[in-house]
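Enquirer: Below are the chains, spelled out letter by letter.
There are 2 protein chains.
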Amino acid sequence: MITFRKSALLKAMVKIVGPEGCLVEDADVEPFVVDYKGIYRGNTPVVVRPKTEDEVAQVVQYCHKHGVRVVPQGGNTSMVGGSVPDASGNAIVINLARMNGIYEIDILNDTITVQAGCTLAQVCDAATASGRLFPLRIGSAGSCQIGGNLSTNAGGTAVLKYGNMRDLTLGLEVVLPDGRVWTKLRGLRKDNTGYDLKQLFIGAEGTLGIITAAVLKLAPMPTARSVALVKVPDPRSAIHLLASAKEIAGQAINAFELISPDAMSLVLEHLRLERAPLEGPAGWQILVELTSGGGQQELDEVLMRVLETAQEQQLVQDAILASSNAQIEHLWKIREEISDAQTRAKGSVRCDVSVPISRVGDFIEEASARVLEIAPDARMVIYGHVGDGNVHFNPLRPASVDAKDFLSKFGDAITEAADGLAVSMEGSISAEHGVGVAKRDELRKYKSKVELDLMRSVKRALDPGDLMNPGKMLPEDTVPYPHKIC
Amino acid sequence: MITFRKSALLKAMVKIVGPEGCLVEDADVEPFVVDYKGIYRGNTPVVVRPKTEDEVAQVVQYCHKHGVRVVPQGGNTSMVGGSVPDASGNAIVINLARMNGIYEIDILNDTITVQAGCTLAQVCDAATASGRLFPLRIGSAGSCQIGGNLSTNAGGTAVLKYGNMRDLTLGLEVVLPDGRVWTKLRGLRKDNTGYDLKQLFIGAEGTLGIITAAVLKLAPMPTARSVALVKVPDPRSAIHLLASAKEIAGQAINAFELISPDAMSLVLEHLRLERAPLEGPAGWQILVELTSGGGQQELDEVLMRVLETAQEQQLVQDAILASSNAQIEHLWKIREEISDAQTRAKGSVRCDVSVPISRVGDFIEEASARVLEIAPDARMVIYGHVGDGNVHFNPLRPASVDAKDFLSKFGDAITEAADGLAVSMEGSISAEHGVGVAKRDELRKYKSKVELDLMRSVKRALDPGDLMNPGKMLPEDTVPYPHKIC
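As given, the protein sequences belong to chains X and C, one line each in that order.
According to my numbering, the first sequence is numbered sequentially starting from 1.
According to my numbering, the second sequence is numbered sequentially starting from 487.
Just chain X, same shape as in the assembly (with noise of 0.2 Å):
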């Protein structure tokens, strides 16, 4: 379809944003059709680099004008294909690395207003210097971009104190799919003069237009932060723990993440470590961080507090409280690699549920079961921000068995089993991972008609030409996948 105009296509987003914000070269173009986990191709003549909002715009316009469809692009970090084309070759993408650039930050307003295309790194490094923080943690901040954090409602490490990326935002700059700009780069805490137009497009990845600058929430700098790892019985307890730090903590909790005990030797092994942290057999464990304002020594006693309550509730069966930067540090590694150490060991199947908090150790614990009816010798990847309910709930091959044959045996089944647990336990199947084309068909198994109904209203009110990234969430979509490469 587009191949025929592919020259005029080509002439006219040179004439938009410049030779050099065009790629067409098959080596030039690699990284952007690849998904970074290395599992979907897709094709694209251009990968356009705009610098600009009125870029995108006048992109944009041209592509509503001939039909032609978009692919939004930021860090493609997607954990589900979600940021790259599809394989007809029929979208450009558009990527917005180029338009990195900060615009204000307000102290007193607690704001900073950005260009989708910044990576998080470099806006918690701008909020820094500023003295406050952006509290958005996720592994990929040195690459992912804020534009893809809004699209797909990055969550993280830190969500149990600070909120999701939706609850991080109060103004958005948005390129339509029909060429228009909407602007409304406020920072405003109260606004109800009508729909809330900019939460259709925070975690709508991409399919509702183009985020091309956001007002974003910063908070005070902590000026204190205590940590711990600690064994508990098995999640059920980690749950009763969460409560009862809750009572005593409040609101400085800061994270509250479970390792499984596969996890840990997985994680142990990964970056050669001999020692575990706690000694004795891994058990469940939770690494607890607490922030506040105050004093050091006054947190470390009200952690020190947590742990005693729990001890006396025999919610913990050991403990050990970091007593400096390079031992906090060093708990966070831990916990942080598990994904790569996973990644390494290739062969897990990587299910990113969330269920009620009262329902993670009901979750953890029927799911295991149901999966280790499935493949008896699975490894019990689990780990993940129980805090907020969100488990990673990822069975690993055992040693002994090859990564692609424990997959294409074994795959579909365990999803099936840890998605359907977790939507009968009212959870979700993507807690912090979005939809992209990796989940997009199961919704049809898991949403309801009036649901699937609403979402394909409002995608047909904001783009009735279907044109913004094509194939991604919506699961009637025709358009074909990116090719599975593994």
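Some hints could be false.
Straight-line Cα separation of at most 16 Å, EDC-like style, residue types lysine to aspartate or glutamate; simulated pairs [to be verified]: (1) C/Lys933 - C/Glu912; (2) C/Lys819 - C/Glu755; (3) C/Lys935 - X/Asp178; (4) C/Lys703 - C/Asp611; (5) C/Lys931 - C/Glu902; (6) X/Lys447 - C/Asp682; (7) X/Lys65 - X/Asp466; (8) C/Lys703 - X/Asp167; (9) X/Lys217 - C/Asp653; (10) C/Lys933 - X/Asp196; (11) X/Lys449 - C/Asp664; (12) X/Lys217 - X/Asp167.
Everything labelled a hint here was simulated from the structure, so no lab data went into it.
Put chain C on the given structure of chain X with help from the hints.
Expert: What follows is chain C alone, placed relative to chain X:
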């Protein structure tokens, strides 16, 4: 339009909700067609009072089939005429007061699931009885209902710490304009599986469907509460005091309320208090409240540190720290009675604006100057939640001038001056009260064409027949207003 088939309509309604669920006599209907401020009066053939979401669905199905318009109504406490029918008599009122069940409190998940007709006070009490806090705090708690709180994205005095109603909501059940029920009564903090549809209905003022139930977030019950009344040189100093307080007290700050000199003298008259809490001329005052899950003495010390630091920076002229619950209640009473004092005084122009927190001082200074040019003797009753940028800017007639004369002579000019200035400072003309009918035509002036188009697209997508709360919020509507009584 409705008249000729009124009997059929009534018969159908009685069939669904029973005779006791239908009000038709003028005297019975009266409280449901006049808004609580006594400004707007509408007409309706029937007030329907369903008891279940299924009854709501059946009523709406009937209305959808027969083109009957619907006004959803909770406690009818709208500040902007959003909850009464228009003068045409073409719309039925669906009042949700009888749907006031508390479905579930999940302590470990920190959630409460309630029907939309629960009053806010009822939800707060249920939470308290379970040792949890439902943190929304607004004056009308005893009569406003959760459905209305959701539909207007209610704010109030604790937004600074806990966010507004949008931030407090995890799940919804909604009867759509075609009578289908979208049920998502789940208590998940993370769920990225498609458009976050609940965001559409929160703050939509009943124009996209009827919220029938919700899952709301609870917070740990604070164990300490420290309150001070502080005299500051001017509103600009107040904002610097806030920034300084945030650095010292962080998320402990629960409320930060401004009271202008005229607001203080008005409320003292109203309460027949001879003495103000702080001696000397009233000046600009701030009611600041900290809450925490820790000890009272510790929290008092934090507040003392806030005040001492501010004194060193010459941001504070005088202060009183409440030393008992009775004193705390007294200080809050003064703040909370300002609104009633104004209502009783009659003749105030109520502007509910927000600006970035950093602009609050500029706004108050400049807006006051403009108003005093328009009406040199106006009493500058200014107060509100400046901790979140929300200013109730309500110039009041001088005692010697008749209320109606003042409003007819100056009302529009004052509104235009305040709202226009707020918008020029990237602010909002309705921070928390919503649009209803009172502000709907102003939107035409202050919203961009792109934004109005987007709003209309959303409305058409969900309610193509324009049946839900006609004439509210969307400025292009041709439905007649309710009669303006005064």
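Enquirer: None of the hints should be skipped; say for each whether it holds.
Expert: To see whether the hints hold, each was checked on the structure:
{"no.": "1", "hint": "C/Lys933 - C/Glu912", "in the structure": "holds (12 Å)"}
{"no.": "2", "hint": "C/Lys819 - C/Glu755", "in the structure": "holds (13 Å)"}
{"no.": "3", "hint": "C/Lys935 - X/Asp178", "in the structure": "holds (14 Å)"}
{"no.": "4", "hint": "C/Lys703 - C/Asp611", "in the structure": "holds (14 Å)"}
{"no.": "5", "hint": "C/Lys931 - C/Glu902", "in the structure": "holds (10 Å)"}
{"no.": "6", "hint": "X/Lys447 - C/Asp682", "in the structure": "holds (13 Å)"}
{"no.": "7", "hint": "X/Lys65 - X/Asp466", "in the structure": "holds (13 Å)"}
{"no.": "8", "hint": "C/Lys703 - X/Asp167", "in the structure": "holds (14 Å)"}
{"no.": "9", "hint": "X/Lys217 - C/Asp653", "in the structure": "holds (14 Å)"}
{"no.": "10", "hint": "C/Lys933 - X/Asp196", "in the structure": "holds (13 Å)"}
{"no.": "11", "hint": "X/Lys449 - C/Asp664", "in the structure": "holds (14 Å)"}
{"no.": "12", "hint": "X/Lys217 - X/Asp167", "in the structure": "holds (8 Å)"}
Checked against the numbered hints given earlier, this structure breaks none of them.
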